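2 protein chains.
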Amino acid sequence: MRKFYVFLIVSVVFFSCETSKNTQKSLVVNNSEALNNAIENAKPDDIIVLKDGNWKDLEINFKANGTENHPITIKAETPGGVVISGVSQLKFGGNYLVVDGLHFKGGYAKGNVVDFKLDDEHIGNYCTLTNTVIEDFNKMERDDSDRWVQFWGRHNTLSNCYIAGKTNRGPTIRIDLKGNEHINNHHRIINNHFGPRPPKGGASGETIQLGDSYTSMAPSYTLVENNLFEECNGEVEIISSKTNFNQFKNNVFYKSEGSLVTRHGNYCTIEGNYFIGDGINKNIGGIRVINTGHTIINNYFYNLIGESFRSPLAVMNGIPKSPLNRYNQVTDVVVAYNSYVNCKSPWQFGVGVNTDQKDVLPASEIRSAIPIRTIVANNTLYNSKSDSLIVVAHDKIEGVTFKSNAINNQGGYFYPVDGIAASNFEIKSISENVFIPTETLTIEPYLGFGFDKITSDLFGNSRTSNNGVGAIVETAVGDPGIFDKSKYGPSWFTQDNQTKEGQVFEISVSDNIQKKIDEAENGDTILLNSGVYSISNSLKISKAITVKAKSKGETIINYNGEAATALFELHPKGFLNVEGLVLKGNNSTKAFASLKENMFTHFGLEVNNIAIQGFNFALKVYKQAFAEHITFSNTLISDCNNGLELSEEINDKGDYNTEYLTINNCEFNNVKQNVIDYYRGGYDESTIGGNLIVKNSTFNNCGKLEKNGILLNHRGIVNVNLMDNTFKNNPVKLVALLWGAKNNSAANNTILNSGGIITEQNLKLTLMY
Amino acid sequence: MRKFYVFLIVSVVFFSCETSKNTQKSLVVNNSEALNNAIENAKPDDIIVLKDGNWKDLEINFKANGTENHPITIKAETPGGVVISGVSQLKFGGNYLVVDGLHFKGGYAKGNVVDFKLDDEHIGNYCTLTNTVIEDFNKMERDDSDRWVQFWGRHNTLSNCYIAGKTNRGPTIRIDLKGNEHINNHHRIINNHFGPRPPKGGASGETIQLGDSYTSMAPSYTLVENNLFEECNGEVEIISSKTNFNQFKNNVFYKSEGSLVTRHGNYCTIEGNYFIGDGINKNIGGIRVINTGHTIINNYFYNLIGESFRSPLAVMNGIPKSPLNRYNQVTDVVVAYNSYVNCKSPWQFGVGVNTDQKDVLPASEIRSAIPIRTIVANNTLYNSKSDSLIVVAHDKIEGVTFKSNAINNQGGYFYPVDGIAASNFEIKSISENVFIPTETLTIEPYLGFGFDKITSDLFGNSRTSNNGVGAIVETAVGDPGIFDKSKYGPSWFTQDNQTKEGQVFEISVSDNIQKKIDEAENGDTILLNSGVYSISNSLKISKAITVKAKSKGETIINYNGEAATALFELHPKGFLNVEGLVLKGNNSTKAFASLKENMFTHFGLEVNNIAIQGFNFALKVYKQAFAEHITFSNTLISDCNNGLELSEEINDKGDYNTEYLTINNCEFNNVKQNVIDYYRGGYDESTIGGNLIVKNSTFNNCGKLEKNGILLNHRGIVNVNLMDNTFKNNPVKLVALLWGAKNNSAANNTILNSGGIITEQNLKLTLMY
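Protein sequences appear in the order of chains A and B.
Okay, so the first sequence: first residue is 42 according to this note's numbering, each after it adds one.
Okay, so the second sequence: first residue is 42 according to this note's numbering, each after it adds one.
Note that these hints are calculated values from the structure, not bench results.
On a predicted model such as this, the values are computed, not experimentally measured, just so you know.
There is no bait here: all hints are sound.
It does not matter which identical chain is meant; a pair holds if it fits inside one copy or across any two.
Below, simulated SDA-like cross-link-like pairs (lysine to any residue); rule was C-alpha separation at most 25 Å, straight line:
#1 K494 / D217
#2 K444 / H163
#3 K362 / Q398
#4 K589 / Q654
#5 K494 / H163
#6 K104 / F490
#7 K399 / R367
#8 K541 / E272
#9 K219 / R367
#10 K494 / E162
#11 K444 / D161
#12 K362 / E406
#13 K745 / Y720
#14 K84 / S67
#15 K219 / G491
#16 K219 / Q288
#17 K219 / T442
#18 K362 / N692
#19 K444 / E162
#20 K556 / S592
#21 K557 / A652
#22 K219 / K437
#23 K437 / D161
Bound conformation, chain A alone (with noise of 0.2 Å):
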């Protein structure tokens, strides 16, 4: 048959060739309703300019009809010379469209930026929006949902964009199924580069999610190729697979802290991306497999240290009869052919198994049904250091197969499975994280049903004439060059790196210190003399900034304001640093605190060497606010009313407001009560966060005023760890009460006269799904 598509194929090509040059005509346009004449005289072949500048609020309705070898276009003058800010979206509605060359940055959409759908009578088909960039255009409110692209229909591509910043609720980028119309869908995620997207703080973070679980029997034939997602911290899926037949080939994930996870539907093709960790943030991930039927192979993972969700490869659990938006049983899977190297214990079955929770859990919530009919075979590890449990067996694993999987782990012992043999092959580098071996390995591979299809290596050499085990069997190679940015993202657009030495404003007690923050740039210093300035309107941080004391505890601020109002008002991209001040208080003001509303993204705040006395509160952050790092270290907060105050999140549906709450070194004394006081609710396996570090600190006196008796209220944080602490005459019930089913934990701490630390294996939360 083969010669008969080619001639097809070519015959195409040439009518294609004929016929456009004739009939191509280009029309400038200037302001909106230009454009929206254009659209509605345009004709096939036509391309709609847009003049470089600045478009505010523009809502491109781009209703019309292309043929297949004749779109519609709709184009930046200049590549990236169109920026587009304000409320603004792009809609496709027709067939054979294509947008090229915008820059998405400086707004947010009242719907979804980008939606291959008018509406019901008018759906994107064979649409492509190419060459574009969104950037930071969030909705004003965490909790407003959107996606930045929203595929409907079929046949549409999303190519060679850049994509970064999203911090509100939903996914990056969906595809929908609801309707016959969108199923058999064949879209396209192409060459796109996903920049960083920041820990979202719960759930519906993700970068990439195909359909949902009311749609996860839909055939979908999504395509998700050559992407580089970069950074991609969203949530615990970067990549959230919920129908059947998609396929990810030749991705990069690098340094992502998520996995891509086969969340819904079936018969996903997961083959030759690159998995990068660094050796240390364990929550960089790999592949999560649930459901039936995947194919992994060609894959090379590298320097992923995760565990359970977040290991190279988790093979989940499945609930007996799951109803269908939880999680069906592992069946038929098939990972073969993948290399690792310097992953530790990456094998990960019966993940999420949780029958120990049958009393504080429904039947239908217990993750009891292990992966059956499941085959690992013809995978390579290689350790440069020995690892010693190479298979992590959360359940029972009989349902696996292993065969023919080789392993060099310098001799070092590691817990017998059989079907993964000892062997001493060795690696070469052939560019920065890219190991394959010296040769190709002797090891037989294993020839398991289906296996004949793959006929092609990591690097698309044959395997026909020269196979091996591992993703590499052609050792001959040059750098894949994955991190080539021409490979990515648009022609015209590089990454803002510039990495500035950052200036610093001296300032005197006479100064207006607002004045000096608001001249000041990302990176810059204020550096306050010593002496008392008496301060009476917030002062408003908004970028990322330093103010701090020219000699420690030698600038006493006194804070005068509005009761109910903050020193330090934390705003969106407000990244605060403070060191060495003396904040005072008259009871009924605050430290810090972010927005009351419109954080409508992150914001961060690390207080070193401070003395914080006598405010209503050292640190409130209200809902929908979320910081990556709040840290307190070398810190006395004395004389307030309350502490800590990160507790507003109260929805139970696993938002909370920081990842990442440290306290190192710090002495809180006499703090009434919310001494700490930081939340996340509702029963979710799949947000593992917040994180709360508390160590070397002191509590002296506090509590007094907690009505719930507890000193360090931290329920539904998943990470808590209490170290190194004295606790001294705190007049509550309890100093912590520990999770134990999750990673929560207390050393080494000394508690006098103020309660105990206690465990409760099981917490009861309200169920989010």
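Guided by the hints, dock chain B onto chain A, whose structure is given.
Relative to the frame of chain A, chain B by itself:
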């Protein structure tokens, strides 16, 4: 592309002819050892010929490998000349194997009768069973489960077979998809005649089951085409489709008590089928729809009057977030271009809604999710008698869109629904049961998404030039010959439909009745002259026979058998009709009883004008025995310890002992317990039997030893009708406890000093799933 395909096919045929004539080789075998040897040495193109005769206890383990154009064949010397009996089976274990012309009867299989798998290493692919009969090949007990044809592997075919008479547990045909070797199977079930399958009396009596809920995510692509289903009454599902992408095309469902059901799985095509009822039997169904994405087009429905689950089109409610093995919501279904002739209330939506049973069922059993994104368009309905309710909305129907449907309701009122319009088209008969419009309807068809792919009508005529609503656009057509038996089943086989005149054997007191019974054939009558017959051994009934008094009431049988034996012992295939006798027991024996075991197929009992006196049991039916009909009429049952006892099916899996228990114009006097005891257990909405009818009967002084205090105990029986009876001086708490949610009713009964009849709306039963 078409011409390229044509070219290829021609080449293939040509090569095939050229090479096959050189290599074909026949080998005749006449015993099992020779057959095994022949199989062991078989080469492509070989034909192994089984010598005509009765092959008993034959295990054919067909382990061999043919090739695409050179299969290996096992065939009967004369088609149908090889009878396979005893404990026998056929297993395919290889590629391109054909079995042709066998006749399985007079036996059963240890496992399945035909298995397309020998073991996990030897699976059948591209194998065919053809031109073969499987009749009455039942296991010894009803609960012994098997399949008569069990599919595994890929590309296997069941063609031109006649298969009938299965009464034991298990679908007649089943496709299994457990494992990647068995998915995308493209199996074909074509040109078969599925003859009568009697009601099983409980679940698991499907004629074809495709997959199960645990593999309901798997792509199957099974084709069921051009088969005749005749009286396939095993259970409520004739075909239970539980996987994806199956096709059901051009089949004829004739007087079959059940439906084609998309039970699990999605995206099935149901096209060009005939569903034919008799206008009387409400158990004859049509298509019942669950799940997503099914396409139901070009089908013809005639004379169907089933309701709810058995309505011509039953679209069910789902369970929100349904467990894997329960009811998913209906979404994205298309019902278009079908024709309904004389079908009563044919379109029923929200079938199975049970929100009113929240008190007795867990939330995971409540079907409250209505059908959504469902289109019913371009259908025709013709009623020769007007029908006031075309659409039955068991729940809200806002998720269903009706477009361009035309009805001739003889001008009669029907409850109006947008999208169903009166039309005065006429119809004509083109063959028995098939009526088509006299001319193409002029109504403009609605063009929904994907409707452009529906390019032909029920008879294959083009819709391109001459489209219209309904299943038929070309009206100048002849008899489609849907009952032409030459199109279905083996060429050599015809059903035994002789209705010979029954013989009458007249006997006297001195004769040996059993001897005469043994001599008699199906349909014969044993006529007993008047007198007193003394009998001490059970009369064994294993054929259809009538035992009759020459003069009513003047033939008296005194049964003096051992305690616990029965005067009439009903064996498999024992269909007994007794008439006019007086039967007297000794208080320790039974008048009628089934065997205790080995009831490998059904029995039947009709008792008319009989007096039954002084028995321990008037009737005792043991576990696993089943009769389609048990009828007592004009009969007196007096002075017995027990009456009619059919209550051993207590495994609560939906089983019961008779489909219809009918008591008409009978008298029960001094029956001490189990007066009528008839049990079905287990909550299962899809076993919708049995049936108890008690009418014109009198119960005096009965039930005095009844422990449960209920005179007519029919717990769990779905259809109960108590009418025109008299209950007098029965010392019980209740005459009957009716199940309000099901079809239980009582009317016009006279109750004197006997407790009452009460109704419990929602009976609490064991959950089956």
